[in-house]
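These protein sequence lines map, in sequence, to chains A and B. Using the numbering used here, the first residue of the first sequence is number 1, and each one after it goes up by one. Using the numbering used here, the first residue of the second sequence is number 1, and each one after it goes up by one.
Worth flagging that the hints you see were computed from the coordinates, not collected in a lab. Don't take every hint at face value.
From the structure, some residues in chain B lie toward chain A, with a derived Cβ separation under 8 Å [as the list claims (entries may be wrong)]: (1) 59; (2) 230; (3) 269; (4) 276; (5) 278; (6) 291; (7) 306.
Covered stretches of chain B, as calculated for chain A (at least 3 residues, CB under 8 Å) [what the hints assert, rightly or not]: (8) 27-34; (9) 280-287.
Glycine included, every Cβ here is placed at the ideal spot set by N, Cα and C.
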Amino acid sequence: MNHRFIAIAAALCVFAAPAFAADTHDVKGLYLLSDYPAVTVQPGATSTVNIKLHNYDMAPERLALSVNGVPKGWTATLLGGGQPIAAAMPAADDTTSIDLRLDVPKDAAIGTQTITVNADGPNTHIALPVAVSLAKQLPAKLTLSSQLPELRGNAHSSFEYTFTIKNDSGKKLLVSLAAQAPNNFDTSFTEAYGTQQLTAIPVDAGKTKDVKLKVTPPDTVDAGHYPVKVSVVADDAKAASEVALDITGQPKLSLSGRDGLLSATATAGKESSIPVVISNTGTAPAENVKLSGNAPSGWKVSFEPKSIERIAPNQHAQVQALITPPAKAIAGDYAAVLNASAHSETGSANFRVAVTTSTMWGIAGAGLIGAALLIMVGAVARFGRR
Amino acid sequence: MRREGSALRGLGVVTLKEISDHMTSARMRVLEWLVVLVALAAVYAAITQVRDVTAEDPFLFLRLFTTARDPLPSFTAFLGFLVPLMAIGLGFDAVNGEHSRRTLSRILSQPIYRDALLFGKFLAGLATLSVSLIVLWLLTIGLGLIMLGVPPGAEEMGRAFIFLLVTIAYAGVWLALAMLASIVFRSAATAALVTLGFWLFITLIWPALSPAIVTAFVPSNDEATLVIAAQSLARLSPSVLYAEAVTAILHPATRTLGPVYISQLQGAVMGSPLPLWSSVMVAWPQIVGLIAASILLFVGGYVAFQRQEVRA
């Protein structure tokens with residue numbers, strides 16, 4: 001234990017007179033300690049070095065604190081309990097925690113600077129040199145990796161990417177999540193196994209967290225390859241990754257009468273044909289489009305032709321719907337639904353069919369009246385007399 | 001002795017004379033007052049009811065004719081019994097009146113055939129009735145315009161006009177029947193009584209009696225057959241035909257006048273009005289029935305008159 005202490009004290013370059021006076025069994029005196037007295041920072045960044053002032057079995061003493069060797073343009077501030085301090089007074093066998101905050105200017109030269117923290121009391125004089133190296137590149141504090149960065153689907157599918165965020169910085173971070181997708185794409189982050197949407201997630205030091213990104217493309221999106229940039233930010237650390245959506249086309253069928261007319265007339269018991277236009281407003285060709293009709297019972301609905309082999313995107317095809325109301329249908333309006341379907345895509349339209357009854361009976365009625373008139377003429381001819 | 005020349009010689013003279021007789025008679029005064037009072041009562045009742053009840057209706061104007069308000073019947077129901085009364089009133093003494101006044105042989109000694117006399121009397125009666133009905137119709141529409149403040153559409157006017165024609169055809173049936181009675185019975189009182197009795201029977205009793213007759217005489221247990229048979233039997237009454245035709249013409253949503261199977265209504269868009277032509281097609285058998293009935297009744301009267309001894 002003691003050996004270790006001495007080894008650590010030597011390694012940490014704690015130069016204090018009492019350190020050498022301390023015997024192997026009983027450490028006594030005041031020490032300035034730091035876990036990591038040599039740090040690397042980036043120019044333009046702010047770094048904090050933890051320092052402890054430890055009193056080993058000595059009477060409490062007021063120690064004035066100062067910092068020497070601060071390069072020009074740098075700012076070194078001693079903070080205790082969150083505010084700037086100029087003196088410290090640890091109790092016997094107690095530690096006072098001090099932060100050395102370093103604001104390094106952007107134009108600071110690359111190299112190593114030594115900053116010395118001094119604590120001066122009536123009887124004690126302690127110094128702690130802190131070596132500050134400047135480096136352009138720092139090892140990443142956050143990493144973001146995606147397990148399946150490219151997904152394929154159609155405009156109606158939902159794309160879900162799982163990301164792993166790793167926190168390599170020395171402290172717990174609150175990581176903000178952001179995704180940059182093409183216009184009108186909807187993005188949302190959720191927990192890996194949850195539904196709650198997130199904008200930030202806390203990650204413990206040295207730990208990883210999984211988050212899920214769900215991207216919903218707009219229904220009208222064209223087929224193509226769409227990248228989504230994902231970035232995570234926490235304090236001064238950030239990481240980015242890119243995923244992509246590979247959207248395949250989807251046919252979309254719509255049905256209407258010619259010139260958009262959705263009404264038709266039919267005579268009871270007679271076949272009448274309605275011109276129907278089937279359009280593909282989707283992004284992929286519709287293959288093998290089948291046509292069907294839903295009419296009241298007793299009605300016959302067929303199509304000429306019965307199916308269409310292929311409709312290219314933004315093209316349309318015309319068919320004739322042949323509708324035969326039953327002979328006993330009564331006059332008036334009826335609703336009939338005509339459908340076009342290709343695989344999973346369906347388009348339908350509601351037609352209003354006005355049924356008129358056959359004019360046969362009208363002619364028969366006129367004939368009856370004619371017959372009555374004939375009888376009258378016959379009577380006049382037969383019975384006419386002076 | 002065979003007739004020489006056209007049967008219609010002298011028709012114009014007889015018709016005009018008969019019309020002028022009708023127009024100046026006391027009966028016409030009574031008819032005129034009936035027309036005015038009926039129009040006022042029916043339209044007033046309909047309009048107060050329409051104002052209270054009807055909201056959005058594309059055929060608001062036709063509701064003038066069909067809306068009833070207790071205790072008054074609707075305009076069409078009024079006409080249903082007023083028209084037979086008017087027709088019988090004008091026709092019950094057409095021929096036997098000439099007999100009793102001993103003017104028939106005098107007329108026939110003029111160069112006028114019997115055919116022309118009967119045709120003329122029928123046409124004059126029909127013309128007089130038409131004048132009354134047209135006046136009544138115009139009065140109703142005019143009052144409706146003033147009191148509703150809504151102008152009728154072209155299709156409404158078309159339907160109202162066909163309604164007028166159907167009403168005239170209905171009047172023709174009863175006029176022909178009354179003239180037949182006036183030919184058959186020498187006494188005007190008997191003719192009037194028989195015609196009125198027949199009217200009461202065929203209008204009030206017959207529609208109620210026909211289902212009973214059907215259940216008694218048709219050996220079938222099928223509900224639909226019985227209903228259809230009863231309806232066919234009831235349609236022997238001109239009043240039933242008239243009521244059905246009026247329903248089809250004035251209620252554009254009427255799709256059929258016979259019984260309907262539920263399967264025939266599947267997929268039907270209910271409440272949607274039929275085009276005017278389709279409505280006429282629905283009512284066409286009834287209209288044909290009315291016209292043919294008046295012609296046949298007239299022919300019956302004609303044959304009876306031709307075979308009659310006129311010198312009394």
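Hint by hint, here is what the structure shows:
no., hint, verdict
1, 59, "violated (15 Å)"
2, 230, "violated (20 Å)"
3, 269, "holds (4 Å)"
4, 276, "violated (12 Å)"
5, 278, "holds (5 Å)"
6, 291, "holds (5 Å)"
7, 306, "holds (4 Å)"
8, 27-34, "violated (count 0)"
9, 280-287, "holds (count 5)"
Of the hints listed earlier, those the structure fails to meet are numbers 1, 2, 4 and 8, in rising order.
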